[in-house]
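Residue strings, one per chain:
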Amino acid sequence: QQQVKQSPQSLIVQKGGISIINCAYENTAFDYFPWYQQFPGKGPALLIAIRPDVSEKKEGRFTISFNKSAKQFSLHIMDSQPGDSATYFCAAAGNRDDKIIFGKGTRLHILP
Amino acid sequence: DTGVSQNPRHKITKRGQNVTFRCDPISEHNRLYWYRQTLGQGPEFLTYFQNEAQLEKSRLLSDRFSAERPKGSFSTLEIQRTEQGDSAMYLCASSLRGQETQYFGPGTRLLVL
Chain A
995 QQQVKQSPQS LIVQKGGISI INCAYENTAF DYFPWYQQFP GKGPALLIAI RPDVSEKKEG
1055 RFTISFNKSA KQFSLHIMDS QPGDSATYFC AAAGNRDDKI IFGKGTRLHI LP
Chain B
72 DTGVSQNPRH KITKRGQNVT FRCDPISEHN RLYWYRQTLG QGPEFLTYFQ NEAQLEKSRL
132 LSDRFSAERP KGSFSTLEIQ RTEQGDSAMY LCASSLRGQE TQYFGPGTRL LVL
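In the order they appear, the protein sequences are chains A and B.
Following our numbering, the numbering of the first sequence begins with 995 at its first residue and continues without gaps.
Following our numbering, the numbering of the second sequence begins with 72 at its first residue and continues without gaps.
Bound-form chain B, shown alone (with noise of 0.2 Å):
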């Protein structure tokens, strides 16, 4: 068990594009969350999946961000259009239905010029 992977850990990229980022859970893990961390503060929730279910999606999340988690295992964060103010720390985490503890990957940090 290697704990929660992001992939890439970091991305720059040009205002209008658009970037995808993958988040692979705990392996036995059901829950799947995605934050959103701007520099010199908390971490603010995106959205969470349980199994392949989207069970709720954040205000902060406009419709130019799009999350998938097909088979329930993997997710992916994909936001279109990019603008300067998507630039922060893109975090996944983990857990399991019934345990509280959420265990949360190195970030992707984005980089939007």
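Okay, chain A solo, but in the shape it has when bound (with noise of 0.2 Å):
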């Protein structure tokens, strides 16, 4: 059972444009949602982070909305540039230090 569901597998965005993943969990005992970027032969990168207690964390051109009640989160990426093509994960954890569970991921392509 897939704990952590993301979606879409892939995307492609205009420059300049919102780039919108979208993840879901099911395990309410998560309290950690980060989302990784990952470029070709590298390994993941925290991109940015969320705690279930507030709905809306924004860094940059990056931002997490989460819906506690839904149970799920998502990353939008505003003004979005060629060097923003990577995969995104989508993860949660149960801990502050616990293992993390990741999605499938999405494969980001903006058009130059």
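Among the hints, a few may not be true.
As a list, the in silico BS3-like pairs of lysine-lysine whose alpha-carbon atoms are at most 25 Å apart [claimed, not checked]: (1) A/K999 <-> B/K128; (2) A/K1062 <-> A/K1009; (3) A/K1098 <-> A/K1052; (4) A/K1098 <-> B/K128; (5) A/K1036 <-> B/K82; (6) A/K1065 <-> A/K1052; (7) A/K1036 <-> A/K1098; (8) B/K128 <-> B/K142; (9) A/K1009 <-> A/K1065.
Cβ-to-Cβ under 7 Å is the rule here; a few derived chain B residues that face chain A [claimed, not checked]: (10) L132; (11) F136; (12) P141; (13) F145; (14) G156; (15) S158; (16) A159; (17) E171; (18) T172; (19) G176.
Covered by chain B, according to a simulated footprint, are these stretches of chain A (three or more residues, beta-carbon under 8 Å) [to be verified]: (20) 1032 to 1040; (21) 1081 to 1088.
These aren't lab readings, by the way, just hints derived from the structure by calculation.
Think of the CB as a built atom: it goes at the ideal place given N, C-alpha and C, for glycine as much as any other residue.
Please dock the two separately framed chains into a single complex, following the hints provided.
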């Protein structure tokens, strides 16, 4: 059973547009929700993270929206740039430094 | 601080051979994690250490897999009698206990022929 479901699998956005990736989770014990960015041949790198006591977190062009009652969260990338082209993983963890459960990833391509 | 390092970066082996990978975490990090990532999938948790103690192992970690962190610094992951299904990227991450962020290394890509 997949604990973190991510969609879409792939996404193409025009430069300057908004990229939106959605995730849903099952386990209500999760209390830490990071997003990771991965470029080909590299390990994942933390992009932004949120805890369920807030509904939104913004860092630069990246925003996480969190809906605790629906058990859903999403990543918005504003003013998307070609350099944002990468694979994005939503994830969840149960404790402050527990193992991370990843979604299957979204391959984002920003058209120049 | 050069981040998490992993060696080798690539490994090609024949089915049935044993392989060993090494991970060097960020120096002051006391937690070390191993994940496996197959093509088109997200990383999947294998095991983690706090200092030298192995605290949790996933069901994915069959008895052909063994991980060690003998002095609480670097870690090794050994796969015995490799199978073609072991072909994947093996990722190591480290963190400081009490902090959420896990920092990933570049991974070791294993191909079993």
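Consistency of the hints with the structure:
no.: 1; hint: A/K999 <-> B/K128; result: holds, 23 Å
no.: 2; hint: A/K1062 <-> A/K1009; result: violated, 31 Å
no.: 3; hint: A/K1098 <-> A/K1052; result: holds, 23 Å
no.: 4; hint: A/K1098 <-> B/K128; result: holds, 21 Å
no.: 5; hint: A/K1036 <-> B/K82; result: holds, 16 Å
no.: 6; hint: A/K1065 <-> A/K1052; result: holds, 19 Å
no.: 7; hint: A/K1036 <-> A/K1098; result: holds, 16 Å
no.: 8; hint: B/K128 <-> B/K142; result: holds, 19 Å
no.: 9; hint: A/K1009 <-> A/K1065; result: violated, 30 Å
no.: 10; hint: L132; result: violated, 12 Å
no.: 11; hint: F136; result: violated, 16 Å
no.: 12; hint: P141; result: violated, 21 Å
no.: 13; hint: F145; result: violated, 16 Å
no.: 14; hint: G156; result: violated, 18 Å
no.: 15; hint: S158; result: violated, 16 Å
no.: 16; hint: A159; result: violated, 13 Å
no.: 17; hint: E171; result: holds, 5 Å
no.: 18; hint: T172; result: holds, 5 Å
no.: 19; hint: G176; result: holds, 5 Å
no.: 20; hint: 1032 to 1040; result: holds (count 6)
no.: 21; hint: 1081 to 1088; result: holds (count 3)
Of the numbered hints stated above, those contradicted by the structure are hints 2, 9, 10, 11, 12, 13, 14, 15, 16, listed in ascending order.
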